[in-house]
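Asks: Using the sequences provided together with the hints, build the complete structure.
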Amino acid sequence: MERSPPQQTLAGRLAILGTLGALAFSVSAVAQQELDHAKADAEFAKFRAEMEDSNPAELFELKGEELWKAKRGPKNVSLAESCDVGLGVGKLEGAYVINPRYYPDADKVMDVERRIVWCMTEKQGFKFGDIAKKPFASGNYTPEVTSLVTFVAGHSRNMKFAAPIKDPKVREVYEIGKEITAYRAGPYDFSCNTCHGSDGKRIRMQNLPNLSTPEGSLKGVMGWPGYRMTGGVMLTSQWRMNDCFRQQRFPEPKYVSDTVTALLTYMTVNANGYTYKGPGIKR
Amino acid sequence: MTKTTILAALLATPALLGSSIVLADATHRTKAIETIKRDFQPRGQADLDRLAEDGVQAICNRTGNNPSGDIVKTLEADQLAGVKYPADNKLMGDWKAGEKLAQSGRGFTWSDKPGLPVGGNCYNCHQISPKETAYGTVGPSLLHYGKLRGNTPEMQKYTFNKIFNSKAYNLCSDMPRFGHAGALKPEQIKDLVALLLDPESPVNK
Numbered sequence: 001m002e003r004s005p006p007q008q009t010l011a012g013r014l015a016i017l018g019t020l021g022a023l024a025f026s027v028s029a030v031a032q033q034e035l036d037h038a039k040a041d042a043e044f045a046k047f048r049a050e051m052e053d054s055n056p057a058e059l060f061e062l063k064g065e066e067l068w069k070a071k072r073g074p075k076n077v078s079l080a081e082s083c084d085v086g087l088g089v090g091k092l093e094g095a096y097v098i099n100p101r102y103y104p105d106a107d108k109v110m111d112v113e114r115r116i117v118w119c120m121t122e123k124q125g126f127k128f129g130d131i132a133k134k135p136f137a138s139g140n141y142t143p144e145v146t147s148l149v150t151f152v153a154g155h156s157r158n159m160k161f162a163a164p165i166k167d168p169k170v171r172e173v174y175e176i177g178k179e180i181t182a183y184r185a186g187p188y189d190f191s192c193n194t195c196h197g198s199d200g201k202r203i204r205m206q207n208l209p210n211l212s213t214p215e216g217s218l219k220g221v222m223g224w225p226g227y228r229m230t231g232g233v234m235l236t237s238q239w240r241m242n243d244c245f246r247q248q249r250f251p252e253p254k255y256v257s258d259t260v261t262a263l264l265t266y267m268t269v270n271a272n273g274y275t276y277k278g279p280g281i282k283r
Numbered sequence: 001m002t003k004t005t006i007l008a009a010l011l012a013t014p015a016l017l018g019s020s021i022v023l024a025d026a027t028h029r030t031k032a033i034e035t036i037k038r039d040f041q042p043r044g045q046a047d048l049d050r051l052a053e054d055g056v057q058a059i060c061n062r063t064g065n066n067p068s069g070d071i072v073k074t075l076e077a078d079q080l081a082g083v084k085y086p087a088d089n090k091l092m093g094d095w096k097a098g099e100k101l102a103q104s105g106r107g108f109t110w111s112d113k114p115g116l117p118v119g120g121n122c123y124n125c126h127q128i129s130p131k132e133t134a135y136g137t138v139g140p141s142l143l144h145y146g147k148l149r150g151n152t153p154e155m156q157k158y159t160f161n162k163i164f165n166s167k168a169y170n171l172c173s174d175m176p177r178f179g180h181a182g183a184l185k186p187e188q189i190k191d192l193v194a195l196l197l198d199p200e201s202p203v204n205k
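As they're listed, the protein sequences go chains W and E.
In case it helps, the working numbering puts the first sequence at residues 1 to 283.
In case it helps, the working numbering puts the second sequence at residues 1 to 205.
I should point out that these hints are in silico values taken from the structure, not numbers from a laboratory.
Note that the structure is a prediction, hence the values are computed from the model and not measured.
If we take Cβ atoms under 8 Å as the criterion, some of the chain E residues that face chain W in the derived model are:
#1 L48
#2 Y135
#3 D174
Glycine included, each C-beta is placed from N, C-alpha and C at the ideal position.
Replies: Set out below in structure tokens:
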């Protein structure tokens, strides 16, 4: 697996992250004023170049690794010794890209984030309500689950998506996901497809992938979890779906719900055969 | 007949659901709707009632945004009938106020403060004034809109109606129904009409 050797000390890289965070703040201020996003894009390109090989996501992978291996929770077990994310307990190489998949022990199709939450509640004994209280990063806060997902995803970098669509249970969830992308409701009559249903569309300067094409769906899933410049935080696909429902003017999807799994199943299956590039950096 | 009764009548028409492909999709659609109904929680101003379809949304959702037959004309007329005009009945206001409104992307998300004022969101989807280069492309370019189409009373009325309720002319339009949804008041829509039609507006320079 390709992975750039650590070229800087952790402290040095954290310092760079600090700079990134400051930039992220100015970028989001720019966004607030709804000024030209092209400027932010250029700044982003510059900073990405300055980051060179060091990928901020790797810091969260390290944090995730610690959490994965530690005996934790009321049951004092580690995820490494109890959690099957698709290839068997403790097996991580290539696991991210074969999700979402059907898990007989839970009798559910799950994406990786949902699976990790399931392991934390079922195997380690954490309370779902506690985990779901603040599921996404903001400010200096990064949820443990986010680091864990980033850690697991890091073991599939540059591997091809292969969500098991031949499994009838996965197929069923895929079809439901496809229908959810078409469902228009709310005060603005929006569905996912309003913004993501055809090629070459933008909201302001933000490009909107056409999720009904393999290439568009690939754009939708290949970069997450990602360290997002706007806000300077590490975010997962679960967050991306949450924020799109916000823009859709819908109420909030419950954390790790069937709806979100169905959308992730739809996009990942569409992207099958293409290469997963995350976890990395997002604008 | 209300929209809902029209809808009920329509859904009872087997012709609409004639092919087995449509039926297969309908099964998954039903499951999708059940899933959605289970999976959301209210947040901020965004309550669960937003998940319910109104008549127009239901027709569009059930026909892949491509309904046919008399129902389309009937429902478009029904949408048009709901348009409210400014008290003074003038349809062109102040293009400068219109530009400000067109710029603002606020409104109706769970992170927006409830109540007005809500922005127009117009630049999210349309090119409008040549001075604003950060425009979206979900809708067609409106650059030179008035210059190309004129600003006759008919054109003013069409433009006002279109912004108040885009579905009055195109039942499954991707554009929100700003007046119908209570996002923009008739007086604000008037300013947007001026932005698009006033010869002094940068749109028409």
